[in-house]
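K.L.:
These are the residues of each chain, in order.
Protein chains: 2
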Amino acid sequence: MDRDAILLTPGPLTTTLRTKLAMLRDWGSWDADFNALTAELRRQLLAIVHGEGTHVVVPLQGSGTFSVEAAVATVVPRDGHVLVLDNGAYCKRFGKLATLMGRRTTIHARAEDEPVSAEELDAMLRADPSITHVGFIHCETGTGVLNPLKAIADVCARHGKGLIVDAMSSFGALPIDAREVRFDALVAASGKCLEGVPGMGFVILRKEVLARCEGHSHSLAMDLYDQHAYMEKTGQWRFTPPTHVVAALAEAVGQFVEEGGQPARLARYRDNCETLVSGLRELGLKPFLKPEIQAPIIVTFHAPNDPKYEFKTFYAAAKRRGFILYPGKLTQVETFRVGCIGAIGRNEMQQAVNAVGETMREMGLST
Amino acid sequence: MDRDAILLTPGPLTTTLRTKLAMLRDWGSWDADFNALTAELRRQLLAIVHGEGTHVVVPLQGSGTFSVEAAVATVVPRDGHVLVLDNGAYCKRFGKLATLMGRRTTIHARAEDEPVSAEELDAMLRADPSITHVGFIHCETGTGVLNPLKAIADVCARHGKGLIVDAMSSFGALPIDAREVRFDALVAASGKCLEGVPGMGFVILRKEVLARCEGHSHSLAMDLYDQHAYMEKTGQWRFTPPTHVVAALAEAVGQFVEEGGQPARLARYRDNCETLVSGLRELGLKPFLKPEIQAPIIVTFHAPNDPKYEFKTFYAAAKRRGFILYPGKLTQVETFRVGCIGAIGRNEMQQAVNAVGETMREMGLST
Numbered sequence: 001m002d003r004d005a006i007l008l009t010p011g012p013l014t015t016t017l018r019t020k021l022a023m024l025r026d027w028g029s030w031d032a033d034f035n036a037l038t039a040e041l042r043r044q045l046l047a048i049v050h051g052e053g054t055h056v057v058v059p060l061q062g063s064g065t066f067s068v069e070a071a072v073a074t075v076v077p078r079d080g081h082v083l084v085l086d087n088g089a090y091c092k093r094f095g096k097l098a099t100l101m102g103r104r105t106t107i108h109a110r111a112e113d114e115p116v117s118a119e120e121l122d123a124m125l126r127a128d129p130s131i132t133h134v135g136f137i138h139c140e141t142g143t144g145v146l147n148p149l150k151a152i153a154d155v156c157a158r159h160g161k162g163l164i165v166d167a168m169s170s171f172g173a174l175p176i177d178a179r180e181v182r183f184d185a186l187v188a189a190s191g192k193c194l195e196g197v198p199g200m201g202f203v204i205l206r207k208e209v210l211a212r213c214e215g216h217s218h219s220l221a222m223d224l225y226d227q228h229a230y231m232e233k234t235g236q237w238r239f240t241p242p243t244h245v246v247a248a249l250a251e252a253v254g255q256f257v258e259e260g261g262q263p264a265r266l267a268r269y270r271d272n273c274e275t276l277v278s279g280l281r282e283l284g285l286k287p288f289l290k291p292e293i294q295a296p297i298i299v300t301f302h303a304p305n306d307p308k309y310e311f312k313t314f315y316a317a318a319k320r321r322g323f324i325l326y327p328g329k330l331t332q333v334e335t336f337r338v339g340c341i342g343a344i345g346r347n348e349m350q351q352a353v354n355a356v357g358e359t360m361r362e363m364g365l366s367t
Numbered sequence: 001m002d003r004d005a006i007l008l009t010p011g012p013l014t015t016t017l018r019t020k021l022a023m024l025r026d027w028g029s030w031d032a033d034f035n036a037l038t039a040e041l042r043r044q045l046l047a048i049v050h051g052e053g054t055h056v057v058v059p060l061q062g063s064g065t066f067s068v069e070a071a072v073a074t075v076v077p078r079d080g081h082v083l084v085l086d087n088g089a090y091c092k093r094f095g096k097l098a099t100l101m102g103r104r105t106t107i108h109a110r111a112e113d114e115p116v117s118a119e120e121l122d123a124m125l126r127a128d129p130s131i132t133h134v135g136f137i138h139c140e141t142g143t144g145v146l147n148p149l150k151a152i153a154d155v156c157a158r159h160g161k162g163l164i165v166d167a168m169s170s171f172g173a174l175p176i177d178a179r180e181v182r183f184d185a186l187v188a189a190s191g192k193c194l195e196g197v198p199g200m201g202f203v204i205l206r207k208e209v210l211a212r213c214e215g216h217s218h219s220l221a222m223d224l225y226d227q228h229a230y231m232e233k234t235g236q237w238r239f240t241p242p243t244h245v246v247a248a249l250a251e252a253v254g255q256f257v258e259e260g261g262q263p264a265r266l267a268r269y270r271d272n273c274e275t276l277v278s279g280l281r282e283l284g285l286k287p288f289l290k291p292e293i294q295a296p297i298i299v300t301f302h303a304p305n306d307p308k309y310e311f312k313t314f315y316a317a318a319k320r321r322g323f324i325l326y327p328g329k330l331t332q333v334e335t336f337r338v339g340c341i342g343a344i345g346r347n348e349m350q351q352a353v354n355a356v357g358e359t360m361r362e363m364g365l366s367t
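Quick note, the sequences are listed as chains U and X, same order.
FYI, the working numbering numbers position 157 of the first sequence as 157, with every residue one higher than the one before it.
FYI, the working numbering numbers position 82 of the second sequence as 82, with every residue one higher than the one before it.
In isolation and in its complexed conformation, chain U is listed as follows:
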């Protein structure tokens, strides 16, 4: 039957019908009604991290990566030096975009099954005073590992270094309190744990940092200083906003608040994650990460150790049953990933577990 599959992916993800219905309107991007929508959305996003008074939210068109690139381009001066703490694919992407735009970049690689280390960061900042900024991924979607935001932020603060946080996969689900965690910029996007549709990102910037960022960006479209200044002056986006995506995110954030905000969302995702992990364990599938460093966002599983296993077949069979899985992103180990996020709960996760079980039996894999 023609029914949307459940997306067990790190985004785009399954959204509520209410969120999608918010896209059935056409908005004038210059009009006061749309400006009010943008202003209220920015206010609500800021409230999620308790940044009122100290921080601002600057939305940006494009995918989350556009916002990460914009954050680096805006915050890091052209003669800055970025140290990227790397334990996965998105860390590497962060390093690549910083390098490409011409910022001096040092990439400190670590094993993908371990969090990055505040102690190592401390030592590196001592050893190389030329480092001006640290690039950090909160939840590395490559494996799903949770990195220690507070500890890293504290080390940066102690050394007086800037911190740019990619909180793409964590924002809205994991607690982030701007009153306790000092960052220059924190980046997230519409189509992740806020459960909007993809098409825009946003960057939460510390006001006193942003005030010094004029002229840093090599890119007109990605200049968050300019985007912010124009928005403050006119209430409008500098360039055509993705109006329907903005409206969907505003609606999704409304539902986020109704549900009980970040604690409620985390509780639901944790429950999803536990249902998933315990269910797949019973089928003989083991998570790649140790439980204590596993964020309840996306889980990497070892592929069944059986010559009959092939991801493509596994994926197609699960899809026929109504569930979209996600490929692994590790080069050394054969894995697959399953997202716990989106407008889904225990029912959907249990159905997914059942579908994976049926798929394995169909493929003749031992469960």
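Calculated directly from the structure, the hints in this document are not laboratory data.
A hint or two may mislead.
It does not matter which identical chain is meant; a pair holds if it fits inside one copy or across any two.
Stated by the list, open to error - Here are the computed lysine-lysine pairs in the DSBU-like style, where the Cα-Cα straight-line distance is at most 30 Å:
| no. | residue 1 | residue 2 |
| --- | --- | --- |
| 1 | 150 | 308 |
| 2 | 312 | 233 |
| 3 | 319 | 150 |
| 4 | 233 | 92 |
| 5 | 207 | 96 |
| 6 | 233 | 150 |
| 7 | 308 | 290 |
| 8 | 308 | 96 |
| 9 | 312 | 290 |
| 10 | 233 | 308 |
| 11 | 286 | 312 |
| 12 | 319 | 233 |
| 13 | 233 | 96 |
| 14 | 329 | 319 |
| 15 | 233 | 329 |
| 16 | 207 | 150 |
Position chain X against the provided structure of chain U, taking the given hints into account.
P.N.:
For chain X alone, kept in the frame of chain U given last:
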């Protein structure tokens, strides 16, 4: 009553319900179904300019300006020299983004009420052989003036110079034939004359040009060479696509084809434009441009020459009647703009004319 206003703006614009309904699905961005949607959309966009075999379509997340910036970053080598033919606000923006990204840029300014000149371009290319690329806006939305694409392209071809065309406001409505018009890159977006929703752009690139563009871009997100290479290899977008926006554009392009393609769309917009201009003329409002250089996309009108006129009041009164007008963008002359594009026809334009008449009488302006 709660009814969407008609957007008489250069985009976002009024879309059909069918187009918006296409957003009521969640797509997995990695999934074969979505890859097929992207592939078919790219094929259809290419067919609009008859670029089969010679050109490729590379879609990009973000607003149209992101795609213009990406086209310049990708096509112009770092030691290139861009000449921008400037007769309006969007030309100036083109010049600004090229300058910011570090490309040597020369801006040749002309009056805003005249098209750019192929003869002048010819003279400039003779005078300065260091120029490698020409930046050109097909329909300058600042005033609505139509610039001579074929003549400019012929001069560039004769001199062996690259040409980057911003066809944001013209694509799909005005004829563009890649078999007859030689360009390196031609840029447009989802939320303009194709009548999709805003949130993505696309660049049509000549294959033999694109093949030489590796490593030009200073930006990871905006590297169209990389975006294209990845898409050819995997069928997927490099970074999260705005899935709902893509689905809406695919649906809108389907309706475009049903309507009769570019000739039918141009005929409808011409009719809209004539209904608008003749109707407002009867109310004593004069277009800013001479008819022969007016594209039937957006029309700039002189504001009523009356101290009782104020745009804000005028705008609000028209909005109360269900029509969203657009402010002028000229600094010397008091004007306002009215778009002729979107999923609207003669009825809506006549209703708009009537609403402007009522508005003027309400404001005590002579009609």
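K.L.:
Now tell me, hint by hint, if it's right for this structure.
P.N.:
A quick look at each hint next to the structure:
1. 150 - 308: Neither: 44 Å inside a chain and 59 Å across chains, both beyond 30 Å.
2. 312 - 233: So residue 312 and residue 233 pass the 30 Å test across copies only (17 Å; inside, 51 Å).
3. 319 - 150: Neither. Shortest intra-copy (38 Å) and inter-copy (49 Å) distances fail the 30 Å Cα cut-off.
4. 233 - 92: Cα proximity of residue 233 and residue 92: across copies only (20 Å, versus 36 Å in one copy).
5. 207 - 96: This pair counts as both: shortest intra-copy Cα distance 27 Å, inter-copy 26 Å.
6. 233 - 150: neither (34 Å within a copy, 39 Å between copies)
7. 308 - 290: within (27 Å within a copy, 72 Å between copies)
8. 308 - 96: So residue 308 and residue 96 fail the 30 Å test inside a copy (37 Å) and across (57 Å) alike.
9. 312 - 290: For residue 312 and residue 290, only the intra-copy Cα distance (26 Å) is at most 30 Å; the inter-copy one is 61 Å.
10. 233 - 308: This pair counts as between: shortest inter-copy Cα distance 26 Å, intra-copy 61 Å.
11. 286 - 312: within (19 Å within a copy, 63 Å between copies)
12. 319 - 233: between (48 Å within a copy, 22 Å between copies)
13. 233 - 96: Only across copies: residue 233 and residue 96 sit 20 Å apart there, 34 Å inside one copy, limit 30 Å.
14. 329 - 319: within (19 Å within a copy, 51 Å between copies)
15. 233 - 329: Close across copies (17 Å), not inside one copy (43 Å); limit 30 Å.
16. 207 - 150: within (20 Å within a copy, 48 Å between copies)
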